[in-house]
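Trainee: This is what each chain is made of:
There are 2 protein chains.
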Amino acid sequence: MNQTTDWSYRSEVRSADRQAVHAILESTGFFHPEEVTVAVELVKERLQRGLSSGYHFEFAELGGQTAGYTCYGPIACTRASYDLFWIGVHQEHRRSGLGRRLLARAEEHIRRLGGQRLYVETSSRAQYGPTRAFYLACGYHLEAELADFYAPGDGKTIFVKVL
Amino acid sequence: MNQTTDWSYRSEVRSADRQAVHAILESTGFFHPEEVTVAVELVKERLQRGLSSGYHFEFAELGGQTAGYTCYGPIACTRASYDLFWIGVHQEHRRSGLGRRLLARAEEHIRRLGGQRLYVETSSRAQYGPTRAFYLACGYHLEAELADFYAPGDGKTIFVKVL
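These protein sequence lines map, in sequence, to chains H and S. Going by our numbering, the first sequence opens with residue 1, and the numbers climb by one from there. Going by our numbering, the second sequence opens with residue 1, and the numbers climb by one from there.
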């Protein structure tokens, strides 16, 4: 982590973030169009309903461009559990350490909000091996796997970190 | 299952179902007020947005009274997985076989909609032992447990049935 880039961060959500989120997720080549649509829906929900939507965002910017973001929120009916709904870094900024920074910042914010556990879900497919390795490297552990959850042969892995 | 009661069923959702759902869940003594509020919210969402809410309901009635219900829907970004969000039977009708009937009807409907897996979540606490036994008796298996998910000492158990 010899990262010297001067990212700036903002948790305010703007209209243009609908396009920014779309561009970030599409650039990675990792997500189905339906998943990108769902991610953009969360931005819209937040724009319409504010924090009562339950969606917290943080965007990282460099030179006025949005380079990555996180989206997370409390899980209803739990005392102190949170979900990381999305984390995405634009392809141009891969391997910059930004994902790790954004995740650490989300954890710190959740801790301040009183959260004690952060859950992350991702696919069990081979393509997502680097994603799973990223969460393990960030102190998460694999808590459960639901076989064939997304589709036959495509299970859901659930990671958690105690904050 | 020597059940002879003539339940009638309807999948149409009415305004009065907000109160009915509240009354059913409260009568069981099983749910926190916050959980009941969330259950009623799903009725409101459905009333406002129709089936685009993603929430299917079925209500069982006897003599014009709503005695139980299920709420289920497709899980976004999965090919054919569904969640059973709620199943509730009014305390007056416990041990009548209605829960089992409602669940079988939901499974049959989901199968017709193209669903292949139905997920159910419940607490790992001792109080929910009969609930877990009910799902096992209905052909579900315990797929995963997330320790301390709801609160310290109160984990989430995830059951699934392949339809």
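No wet-lab data here; the hints were simulated from the structure. Possibly wrong hints are sitting among the right ones.
A pair holds if it fits inside one copy or across any two, identical chains being indistinguishable in the list.
[To be verified] Pairs of lysine to aspartate or glutamate residues, derived as DMTMM-like cross-links and limited to a Cα-Cα distance of at most 20 Å, are as follows:
#, residue 1, residue 2
1, Lys-161, Glu-145
2, Lys-44, Glu-107
3, Lys-44, Glu-34
4, Lys-161, Asp-148
5, Lys-161, Glu-35
6, Lys-161, Glu-34
7, Lys-161, Glu-12
8, Lys-44, Glu-108
9, Lys-44, Glu-26
10, Lys-161, Glu-41
11, Lys-161, Glu-92
12, Lys-44, Glu-143
Trainee: So, for every hint listed, does it hold in this structure?
Mentor: Now for the hints, and whether the structure bears them out:
1. Lys-161 - Glu-145: Classified as both: same-chain Cα gap 16 Å, cross-chain 15 Å, threshold 20 Å.
2. Lys-44 - Glu-107: neither (23 Å within a copy, 32 Å between copies)
3. Lys-44 - Glu-34: within (15 Å within a copy, 25 Å between copies)
4. Lys-161 - Asp-148: Only across copies: Lys-161 and Asp-148 sit 12 Å apart there, 24 Å inside one copy, limit 20 Å.
5. Lys-161 - Glu-35: Classified as neither; 24 Å inside a copy, 25 Å across copies.
6. Lys-161 - Glu-34: neither (27 Å within a copy, 25 Å between copies)
7. Lys-161 - Glu-12: neither (26 Å within a copy, 42 Å between copies)
8. Lys-44 - Glu-108: neither (25 Å within a copy, 34 Å between copies)
9. Lys-44 - Glu-26: within (17 Å within a copy, 34 Å between copies)
10. Lys-161 - Glu-41: neither (26 Å within a copy, 29 Å between copies)
11. Lys-161 - Glu-92: Cα proximity of Lys-161 and Glu-92: none, with 28 Å in one copy and 42 Å across.
12. Lys-44 - Glu-143: Result: close neither inside a copy nor across copies, 31 Å intra and 33 Å inter.
Hints 2, 5, 6, 7, 8, 10, 11 and 12 from the earlier list are contradicted by this structure; the remaining hints agree with it.
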